[in-house]
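Here the protein sequences line up with chains A and B, keeping their order. Take 1 as the starting number for the first sequence in our numbering and just add one per residue. Take 1 as the starting number for the second sequence in our numbering and just add one per residue.
Wrong hints could be hidden among the right ones.
[What the hints assert, rightly or not] Taking beta-carbon pairs under 7 angstroms as the criterion, some of the chain B residues facing chain A (in silico):
| no. | residue |
| --- | --- |
| 1 | L319 |
| 2 | V320 |
| 3 | S329 |
[To be verified] Over the 10 angstroms line for every Cβ pair with chain B, so calculated as not near, a few chain A residues:
| no. | residue |
| --- | --- |
| 4 | G69 |
| 5 | A78 |
| 6 | E121 |
| 7 | T244 |
| 8 | K344 |
Just so you know, the hints here were simulated from the structure itself, not pulled from any lab data. Ideal Cβ positions, reconstructed from N, Cα and C, are used throughout, including at glycine.
Number of protein chains: 2
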Amino acid sequence: MHKINIIHLGIGNVGKEFIKEIGEVSPSWKRKYGIFLNYCGMFGSKGGVFDAEGLSEKKIKNFPKTSSGVDVKEVLEAIADPFILIDTTASDKTLELFMLTFSHGGYVVTSNKKPFTQSQEQFDQLEKYFGKKIFFETTVGAALPVISTLNNFIDTGDSISEIKGCFSGTLGYIFFHLEEGMLFSQAVKQAKERGFTEPDPRDDLSGMDVARKALILARLLGKRIEIEDIKTESLYPQNMDGLTVDKFMETIRRFDNEYKKKICKVGARSRTLRYVASVTASSCTVGVEEVEKNGDLGNLKGPDNIIVFKTKRYDKNPLVVRGPGAGASVTAEGVLADVLEAAKFIYHS
Amino acid sequence: MHKINIIHLGIGNVGKEFIKEIGEVSPSWKRKYGIFLNYCGMFGSKGGVFDAEGLSEKKIKNFPKTSSGVDVKEVLEAIADPFILIDTTASDKTLELFMLTFSHGGYVVTSNKKPFTQSQEQFDQLEKYFGKKIFFETTVGAALPVISTLNNFIDTGDSISEIKGCFSGTLGYIFFHLEEGMLFSQAVKQAKERGFTEPDPRDDLSGMDVARKALILARLLGKRIEIEDIKTESLYPQNMDGLTVDKFMETIRRFDNEYKKKICKVGARSRTLRYVASVTASSCTVGVEEVEKNGDLGNLKGPDNIIVFKTKRYDKNPLVVRGPGAGASVTAEGVLADVLEAAKFIYHS
Numbered sequence: 001m002h003k004i005n006i007i008h009l010g011i012g013n014v015g016k017e018f019i020k021e022i023g024e025v026s027p028s029w030k031r032k033y034g035i036f037l038n039y040c041g042m043f044g045s046k047g048g049v050f051d052a053e054g055l056s057e058k059k060i061k062n063f064p065k066t067s068s069g070v071d072v073k074e075v076l077e078a079i080a081d082p083f084i085l086i087d088t089t090a091s092d093k094t095l096e097l098f099m100l101t102f103s104h105g106g107y108v109v110t111s112n113k114k115p116f117t118q119s120q121e122q123f124d125q126l127e128k129y130f131g132k133k134i135f136f137e138t139t140v141g142a143a144l145p146v147i148s149t150l151n152n153f154i155d156t157g158d159s160i161s162e163i164k165g166c167f168s169g170t171l172g173y174i175f176f177h178l179e180e181g182m183l184f185s186q187a188v189k190q191a192k193e194r195g196f197t198e199p200d201p202r203d204d205l206s207g208m209d210v211a212r213k214a215l216i217l218a219r220l221l222g223k224r225i226e227i228e229d230i231k232t233e234s235l236y237p238q239n240m241d242g243l244t245v246d247k248f249m250e251t252i253r254r255f256d257n258e259y260k261k262k263i264c265k266v267g268a269r270s271r272t273l274r275y276v277a278s279v280t281a282s283s284c285t286v287g288v289e290e291v292e293k294n295g296d297l298g299n300l301k302g303p304d305n306i307i308v309f310k311t312k313r314y315d316k317n318p319l320v321v322r323g324p325g326a327g328a329s330v331t332a333e334g335v336l337a338d339v340l341e342a343a344k345f346i347y348h349s
Numbered sequence: 001m002h003k004i005n006i007i008h009l010g011i012g013n014v015g016k017e018f019i020k021e022i023g024e025v026s027p028s029w030k031r032k033y034g035i036f037l038n039y040c041g042m043f044g045s046k047g048g049v050f051d052a053e054g055l056s057e058k059k060i061k062n063f064p065k066t067s068s069g070v071d072v073k074e075v076l077e078a079i080a081d082p083f084i085l086i087d088t089t090a091s092d093k094t095l096e097l098f099m100l101t102f103s104h105g106g107y108v109v110t111s112n113k114k115p116f117t118q119s120q121e122q123f124d125q126l127e128k129y130f131g132k133k134i135f136f137e138t139t140v141g142a143a144l145p146v147i148s149t150l151n152n153f154i155d156t157g158d159s160i161s162e163i164k165g166c167f168s169g170t171l172g173y174i175f176f177h178l179e180e181g182m183l184f185s186q187a188v189k190q191a192k193e194r195g196f197t198e199p200d201p202r203d204d205l206s207g208m209d210v211a212r213k214a215l216i217l218a219r220l221l222g223k224r225i226e227i228e229d230i231k232t233e234s235l236y237p238q239n240m241d242g243l244t245v246d247k248f249m250e251t252i253r254r255f256d257n258e259y260k261k262k263i264c265k266v267g268a269r270s271r272t273l274r275y276v277a278s279v280t281a282s283s284c285t286v287g288v289e290e291v292e293k294n295g296d297l298g299n300l301k302g303p304d305n306i307i308v309f310k311t312k313r314y315d316k317n318p319l320v321v322r323g324p325g326a327g328a329s330v331t332a333e334g335v336l337a338d339v340l341e342a343a344k345f346i347y348h349s
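Can you make the complete structure from the sequences, with help from the hints?
What follows is the structure, given as structure tokens:
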């Protein structure tokens, strides 16, 4: 039996689901691959708990109450090989822990976009571990095969002419309902009520989440680019950043008529609006776009993501991937698939 | 530099393109992964050539003239580790060579469906090497991420309720053109002229190629099933099997009216016809199906493949992959991606 120590950062929705899914697959991984994941450390924003022999179910269940103020850095420095650091946080402070992990021979699996979307210089530090020590499929489109597909294009000498798609389930939900006749403010309200938006919907409406995903794809294509270089269209003016959430939700009613008119106008020519990211060799843009109602992007319903790859070999007919690109259960599934990828690497041959 | 010996069976369209693509990626694999593929043996239906130091460009270019009657079994028994056997044939005789490869510590990458679609007993022999020693993404949908997506579902404890899709570019082309008003016999003729069919179009129209792909997916889901167990609808009656190809092409005109009527009838209720494979826990069927014109399958244009996965976690909104699922260039790309996967396994850690 091969034992792999797991240190886990970020015990939120995705993190909790990940722990549940580990429990479910554990027997079959032992049987099929001879791999045993020793879940031995968990860390939230207020500290963590570690037990080299594996955390008891009780300690896991009662976290963060069971947190004992252990320092994650000390754990990473002392932990026995082989080990994997899992990052299911949304923190911009974990890059340092990744580097510490690599320097101690460990692996990283992460659904956290932040370490890839800060300065180009920081990205460069990580890049040399890609395909070897760090796995991050879930940073774009959750478990949809996006990063792996892109890497296959690059590694097999294909040449990517365009990546285009809708990478926000939240904005997908809103634009789909605009098309169905809902007012903008209602669509945002409903998305918020159903848990599709961040607690402050401005985090979605600013387009920054989509811009970060576009940035990752652009950098994987070899572009040297910063988040500020991406032309990002916000769905509200900057001067609304100071409002309370309630006030913001009230104020956006003033955009209702504008969206209604736009949707009507483009609808008359069998087109609709989508919030689209587009990455080519020469440009990277994120914003509202008029698309064919019956095209791939226009056909998108509800919170699905879609990614359309055009390459030298997928030229007339692109390669298209579509499906839920967010949510705890599919994101955790993708993280777990990356853990298995890392585990196979660790133990193969 | 890590050297991997490559023994290659099947120097047809895909095989030749694979050799070309290896040449293109070779410098970047050396730089990025420190991997050097030593292309040292190539084998066609009439024998092969081998040089432990790597085949010269001249020997590769002038194959099969340069074939020197070497026996592939002897090569596999004597070759130095590490090595990968590549199977881009359509032969039903390579399973034995796979087993020989495994017993000598080698890896297999194959685009050939046959070793997976013979008896369940033979499949069982291969199964223990899945995810470890044998890579076969291109057996269904060429380089589209189908097998890897399916494996991720299984490995992460998701439960697949249905895989549905169109797995034949040829039949996709024909049904798309029927919908556009072309006669059945014309559509088949045009598909044949443009190289979308096998030399004898009955190989496509029988549905056997699709049935084989469905069989692979069903077996990966854990079904114990033989090709005869799949309800497969042929597009021509069995008594036309004895005709010459020319006579066959002439005779199918008699189906023109029938298809015209069917397409009209379903068209009136916004539906169309597709040649669909469907795999669930309790059934596996392959045949013509009436589908929504604006649904995923009905929207399929020309020779594209589509695969729709419904699982416990991808329930309301399935995971969908679409794109060219055949052709030398994308198939070779997929084979090469699998070679890199094997190569990383060989050299990691």
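Query - Earlier hints that do not hold, by number - result: Checked against the structure, the only hint that fails is number 8, while the rest are satisfied.
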